[in-house]
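My request is simple: use the sequences and hints to build the entire structure.
Chains as they are written, first to last, in the working numbering: chain A, 1 to 308; chain B, 309 to 612; chain C, 613 to 865.
Simulated from the structure, these hints should not be mistaken for laboratory data.
Hints should not be assumed to be uniformly reliable.
What the simulated footprint calls covered on chain B by chain C, stretch by stretch (three residues with Cβ under 8 Å from a Cβ of chain C suffice, anywhere in the stretch; the number is not a length) [said to hold, decoys possible]: (1) 378-384; (2) 444-456; (3) 464-471; (4) 534-544.
Since this is a predicted model, take the numbers as computed values, not measurements.
Backbone N, C-alpha and C define an ideal beta-carbon position, used for all residues, glycine too.
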Amino acid sequence: MIDQIVLLLNDYTFQVVALGTGFLGLLSGVIGTFATLRKESLLGDALSHAALPGIGIAFLLIQRKELSLLLLGAMIAGLLATLIIQVMSRKTVVKLDSALSLVLSSFFGLGLVILTAIQNNPNARQAGLSNFIFGQASAMLRRDVQLIAVVGSVLLMLVVLFWKEFKVFTFDPMFARTLGFSSKITETLLSTMIVITIILGLESVGVILISALLIGPSVAARQWTDRLSLMMIIAGVIGFISGVMGTFISSLAARIPTGPTIVVVVSFFVFISLFFSPKRGILANHFAYKKRQRAFMKQIRSLEEGKG
Amino acid sequence: MSMITQITMVAVVVAVTCALPGVFLVLRGTTMVSDAITHTVLLGIVLAFFITQDLRSPWLMIGATLVGVGTVWAIEALQQTKLLSNDAAIGIIFPLFFSIAIILITRYAGNVHLDVDAVLMGEVAFAPFRRFVFMGMDLGPRALWTMLVILILNSLFIFLFYKELKLTTFDAAFAAAVGFSPVLVHYGLMTLVSLTAVGAYDSVGSILVVGFMVGPPLAAYLLTDRLYIMIALSIVLAIVNSVVGVQLAFALDTTIAGMIATVTGFTTLLIFVLSPKKGLIKASLNRRRELKKIDRQIKQAQKS
Amino acid sequence: MDKAEAIRVDHLTVAYDAKPVLWDISIQFKKERLTAVIGPNGAGKSTLIKSMLSFIQPITGSISFSVDDQQDRAYKAVKNRVAYVPQNTTVDWDFPATVMDVVLMGRYGHLGWIRRPGKKDKEIAKQMLLKVGLPTFASRQISQLSGGQRQRVFLARALAQEADIYIMDEPLAGVDMKTERIIMQLLKGLVRQGKTVIVVHHDLQTVKQYFDDVVLINREVIAEGSVKEAFTEEAIDQTYHQDRNLGEGGHPS
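Okay, structure coming up:
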């Protein structure tokens with residue numbers, strides 16, 4: 001068993017994929033923190049679905065599977081979806097929730113229409129475009145990991161660079177505006193970063209599950225600290241570990257899909273944090289409640305004795 | 309009956325069945341919960357299949373519906389801890405349930421004759437091949453009958469509890485005070501949403517069900533301020549979208565469910581921009597007028 | 613002029629999360645009186661109302677209602693004799709409903725499950741709209757109303773309940789002078805007809821002018837009785853300017 005694990009850890013493909021999903025987890029943990037704190041967790045879900053037609057149209061235009069160009073298409077579609085969602089939910093009576101659902105499903109429908117058209121087209125190679133729906137981490141190549149690392153580093157640098165602006169904007173957009181930070185620019189930058197993170201994950205984790213990677217680590221991290229900087233670091237670490245562990249577990253036996261396994265690992269961290277966080281976890285809360293209740297019942301009893 | 313007629317009939321029935329509970333989902337702002345349900349019923353389908361080993365079993369539908377209702381319960385339990393925001397709770401629960409379902413299907417792919425792609429993306433085009441044969445008589449596509457039964461259930465629920473749905477959606481506190489439990493009505497509605505999602509999965513696919521539930525009611529909401537007109541308009545729009553969608557899909561030789569979802573998104577966006585009551589153009593005109601009014605008031609105040 | 617009580621709150625203690633919000637509260641709301649419930653933010657006014665309507669289960673204590681023929685009953689037994697007006701900020705005003713729809717909801721409690729409102733209910737709803745001065749607004753969409761008009765529609769809904777006891781959470785918050793006058797006239801009219809009205813109120817200036825009785829609370833009852841007797845400088849001061857730290861286990865916010 002141990003030999004097998006050592007063998008696995010030394011396996012080149014495993015190293016590549018684990019590093020890729022690890023980076024991805026780290027990145028989405030960090031970027032997802034902003035989305036979670038802004039209460040826009042589900043935006044990621046809508047945007048990932050919305051990216052599908054972008055990939056399809058890009059493929060139709062260039063007729064080959066050039067990853068960077070496909071991702072560019074996905075990005076344009078994602079940004080368009082963001083725009084539609086924001087206009088719908090802010091300028092009219094439409095609720096954010098309805099806007100998200102509508103964009104999610106109609107863009108995804110369009111994506112399927114285009115993918116089907118591509119598959120029906122004998123000239124086009126199938127190109128495994130449907131892999132984007134569920135993701136295929138095992139197909140990750142070294143250059144894919146390089147792409148994630150390079151783009152990811154740029155995003156992380158942006159986070160450091162605009163730390164102050166993002167922090168104020170996430171906490172209180174109106175206040176940020178009074179300080180003279182353009183909320184439009186900050187918001188556009190933030191949503192672009194979220195879209196890019198999602199798109200980097202499409203190939204390995206897939207359209208449907210990437211949002212979990214964006215939400216999970218930051219929700220888990222939130223339970224351990226009240227400081228934004230620390231929360232972001234913890235979220236990044238949890239994301240990284242989840243990516244590596246998920247890949248590891250799925251490599252242990254045949255037919256364990258990587259993306260869903262990573263999601264299960266992330267969820268594990270989330271539930272551990274929700275239950276066992278010493279400050280505000282469910283258990284800590286429960287014991288504090290019991291303690292208060294005991295003190296409280298004592299008071300009540302003395303009250304009733306006083307009455308009688 | 310020709311193929312396209314049968315497919316159109318199935319598509320129309322599915323679309324109307326989804327639009328009915330969708331009206332109240334849109335009004336309550338809980339459409340993303342229904343998105344979660346449409347994903348997690350897959351887990352129900354898989355688990356129930358392990359037990360019954362029969363994709364046609366009614367137990368499969370019941371099991372999957374229960375998992376859908378369980379999803380709502382799990383999301384609300386997480387929300388009640390107040391440790392994470394409401395939408396994050398949705399975003400944690402459904403990928404987890406869904407992932408477990410995918411792992412189970414992939415792991416036991418040899419034993420499960422379940423096609424994940426079909427569950428998620430569905431294909432109405434196959435509906436006419438799966439017949440409903442009763443006492444030796446061919447009664448048409450099976451999906452048509454399944455969805456008709458669910459359509460009747462949904463209509464009956466909304467007809468009988470119209471007053472209760474309206475009241476609990478508009479003012480839950482008042483509803484509770486006069487003796488109508490909002491929780492009971494909520495779970496009743498969510499049970500039907502789950503059942504609808506389960507019933508629709510093999511013709512429409514679970515992801516697109518959300519579009520069928522949100523699109524027509526949202527467009528109708530933008531066109532009227534009467535609840536019963538909103539319901540009627542939703543039905544009309546659901547029918548129009550699915551008929552146009554089927555025609556276009558045949559013309560372009562592509563996925564029918566995907567095409568209907570695309571058409572739904574398109575018509576809803578169109579109505580969103582153009583609606584004379586609450587559309588985008590109208591809203592921005594209103595805002596401009598308000599601003600001008602304020603400007604005038606400020607100028608007048610400065611003069612005097 | 614001592615009157616029988618309509619609601620008796622008896623040694624009520626309510627806690628959220630084992631933190632006491634109301635502590636050993638006993639109040640007698642008298643019949644045919646207009647009573648104000650007064651206290652600073654976080655004093656437990658809304659909690660008191662919610663406990664009275666059984667939204668919250670108290671730790672100890674009881675609440676009983678008395679209407680003409682029924683004495684000392686639980687809220688559930690007399691819920692159709694009690695009308696409740698929640699704060700109007702909690703509903704979705706873009707909901708596709710007309711003014712008439714909302715007022716008709718006042719009849720729902722009498723109808724029970726499934727049954728629809730009939731001609732008689734619509735007639736009652738129309739009368740009540742007339743009473744609050746909005747007779748021409750029946751088919752108006754609710755989002756087109758001003759704040760004061762919205763509050764009057766809520767009041768019409770409560771009137772349509774044809775109850776004996778009216779419990780209102782801040783009905784005068786954020787309304788214009790005209791609406792305030794109309795609402796107060798109506799409430800006084802209700803009392804003259806023999807109804808009991810309890811209002812959570814925030815404006816100390818108008819207490820003497822508007823109300824018969826007053827209850828001053830800040831987690832505990834500070835004073836209770838007729839406005840003349842209970843609404844004293846001293847009691848007000850005690851209600852608003854004292855940091856009322858309840859019990860060792862309590863964490864007042």
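We went through each hint and held it up to the structure:
1. By the rule of at least three residues with a Cβ nearer than 8 Å to a Cβ of chain C, the coverage given for the segment 378-384 of chain B is violated, with 0 such residues.
2. Coverage of the segment 444-456 of chain B by chain C is violated [criterion: at least 3 residues with CB-CB distance below 8 Å; count 0].
3. Chain C is given as covering the segment 464-471 of chain B, and this holds because 4 residues of the stretch bring a CB closer than 8 Å to a CB of that chain, at least three being needed.
4. For a cut-off of 8 Å, the count of residues in the segment 534-544 of chain B with a CB near a CB of chain C stands at 4, and the three-residue condition holds.
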